[in-house]
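There are 2 protein chains.
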Amino acid sequence: MNDKLLVVGSVAYDCIETPADSADFILGGSASYAALAASYFAPTMISAVVGNDFKDSDIKRLTARAIDLSDVRFDSSKPTFFWRGKYHKNFNSRETLDVRLNAYENFVPQLGKDAQGAKYVLLGNISPEIQAATLDLVKAPQYVILDTMDLWITTAAESLNNLIKRCDLLIVNDSEAKLLAGTQNIICAGNELLKSGAKTVVIKAGEFGAMLFHCEGFFVVPAYPITSLHDPTGAGDSFAGALAGYIAGAGKVDFETIKNGMLAGAATASMTVESFSCYKLEQYGIDEINRRREFIKNISKI
Amino acid sequence: MNDKLLVVGSVAYDCIETPADSADFILGGSASYAALAASYFAPTMISAVVGNDFKDSDIKRLTARAIDLSDVRFDSSKPTFFWRGKYHKNFNSRETLDVRLNAYENFVPQLGKDAQGAKYVLLGNISPEIQAATLDLVKAPQYVILDTMDLWITTAAESLNNLIKRCDLLIVNDSEAKLLAGTQNIICAGNELLKSGAKTVVIKAGEFGAMLFHCEGFFVVPAYPITSLHDPTGAGDSFAGALAGYIAGAGKVDFETIKNGMLAGAATASMTVESFSCYKLEQYGIDEINRRREFIKNISKI
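Going line by line, the protein sequences match chains A and B.
Under the working numbering, the residue at position 6 of the first sequence is numbered 563, and the numbers go up by one with no gaps.
Under the working numbering, the residue at position 218 of the second sequence is numbered 775, and the numbers go up by one with no gaps.
Treat each hint with caution, since some may be false.
Because identical chains cannot be distinguished in the list, a pair is counted as satisfied if it fits within a single copy or across any two copies.
Straight-line Cα separation of at most 25 Å, DSS-like style, residue types lysine-lysine; simulated pairs [stated by the list, open to error]: (1) LYS858 with LYS756; (2) LYS646 with LYS617; (3) LYS676 with LYS646; (4) LYS837 with LYS696; (5) LYS752 with LYS635; (6) LYS735 with LYS722; (7) LYS670 with LYS809; (8) LYS752 with LYS646; (9) LYS635 with LYS612; (10) LYS617 with LYS670; (11) LYS635 with LYS676; (12) LYS816 with LYS854; (13) LYS696 with LYS646; (14) LYS696 with LYS561; (15) LYS561 with LYS617; (16) LYS617 with LYS756.
Treat the hints as calculated values from the structure; they're not laboratory data.
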């Protein structure tokens, strides 16, 4: 057993168009965003697959943050998972223009000994089948965090519901929570998810922060007030990564630790969205994360 | 001069249909909701007009809260302002089925000596023309709070913008703030409103609480987590009323007082929406308001 955080999810290349800018073949995917965020708080490993077009410079970006890539498979027969998306005017909505599973098509997760012994696991956003198959390989996970999205709620409800019961903390955004719980009241949605088998629930609400539904109480972390939204892609993955990293780094899973993990998540996600990929986050690093954590801590103080 | 709060706005009869219930000819209108909320924090006066159908029992509801009705005109030739509305499934949207100005058609505000000397004024939601005409009658207002809605932003922009410059605190909800400021980022919207002439801005965001944009800093108050939404009508008016009442009651207008006023607003609004009209608020009163204030204070504590 080890105190590292194992991050499961996609490593991808994204082509993104926003109202103000565009970028091609930038490092994306839930595991990349989550692991880069987590790396500021705990030693982090990724389980994923990349293809024959994966760039050395992107390997270096991950290893520069001391992320352990021993469980990232290399598929020489196919390109890396690819996503092309466009944000509409004012970031009101986003459209997937192209998505290609590529290396993920027949991906069967395998874990080395180190990853098998991980105490802390973040099942970042990817199909519940891959999430479950990877979790099966971890021998004695102590705390499992599950992130998902509306696609899996509507297309893989049964697998997802089974997986939720195996996890310790479920992360969804506000519209996903309402969809999954079948109610439009966000507080009822959180409570319903607890009743239906989730042990602890975090509901992300973008510019309004995030809510924690925990057996010991209710908690709200406000969002860091950003004025320079550049690309919202990966905000949720970064939030989940920093939260999971904080918990693994603290080696504790109590109510107070989760609250502080959400603070870390809110600070980190606010930096992710200020650039494409994680460029701003990597550039500014822990000092700015800490400054934003302190700022957020004081926003609601009265 | 006196320390009373003068509440300007509508006194109305509402017929409301929600997904679960309906009610006919219940006391509504921005001034009713705001004054009932404010009455828990400061002596409150209303400037409004009612018609020939206004019930003694509703006068008693207001005077039971010691609300001064000397500036409520009685128009014997017309009925009270009337609104019929319907909330759709899950309270996702609401529709106005009928609206009749009635007594407000040719209403010219007049104020008695006491109201003319009010230090604190809440211009509750009604046309900017009536708001401005009433404010003109107050001799030396010390702190003026302005609440408005999307209708006036789109149909009376010039009057509204002129009025904003005469006020000390502007209250709008998140979509109104974005509409008024012409940006989809809520933080940018708040900052833009400050730049364009508002001295202080509060943006209400329903289940996500409210944000304060003040020259001394930024503040977020979370919403009280309610699970029994019965009728959202008047939530914003109650929030504004309690905030204004708190400020008048404290006799101070500094940053800390406004923060505490928002706490009072959040607690009070959460009670308003648990029943039609203000029945729950009037039933539970200050003890429950205080309990919810304490609860909200601790929600974000870390």
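Comparing the hints with the structure gives:
no., hint, in the structure
1, LYS858 with LYS756, "between (28 Å within a copy, 22 Å between copies)"
2, LYS646 with LYS617, "neither (34 Å within a copy, 51 Å between copies)"
3, LYS676 with LYS646, "neither (43 Å within a copy, 44 Å between copies)"
4, LYS837 with LYS696, "neither (36 Å within a copy, 53 Å between copies)"
5, LYS752 with LYS635, "neither (43 Å within a copy, 53 Å between copies)"
6, LYS735 with LYS722, "within (18 Å within a copy, 40 Å between copies)"
7, LYS670 with LYS809, "within (23 Å within a copy, 64 Å between copies)"
8, LYS752 with LYS646, "between (38 Å within a copy, 23 Å between copies)"
9, LYS635 with LYS612, "within (14 Å within a copy, 77 Å between copies)"
10, LYS617 with LYS670, "within (23 Å within a copy, 76 Å between copies)"
11, LYS635 with LYS676, "neither (32 Å within a copy, 73 Å between copies)"
12, LYS816 with LYS854, "both (11 Å within a copy, 15 Å between copies)"
13, LYS696 with LYS646, "neither (47 Å within a copy, 46 Å between copies)"
14, LYS696 with LYS561, "within (14 Å within a copy, 68 Å between copies)"
15, LYS561 with LYS617, "within (20 Å within a copy, 66 Å between copies)"
16, LYS617 with LYS756, "neither (37 Å within a copy, 49 Å between copies)"
Hint check: violations occur at hints 2, 3, 4, 5, 11, 13 and 16; the rest are consistent with the structure.
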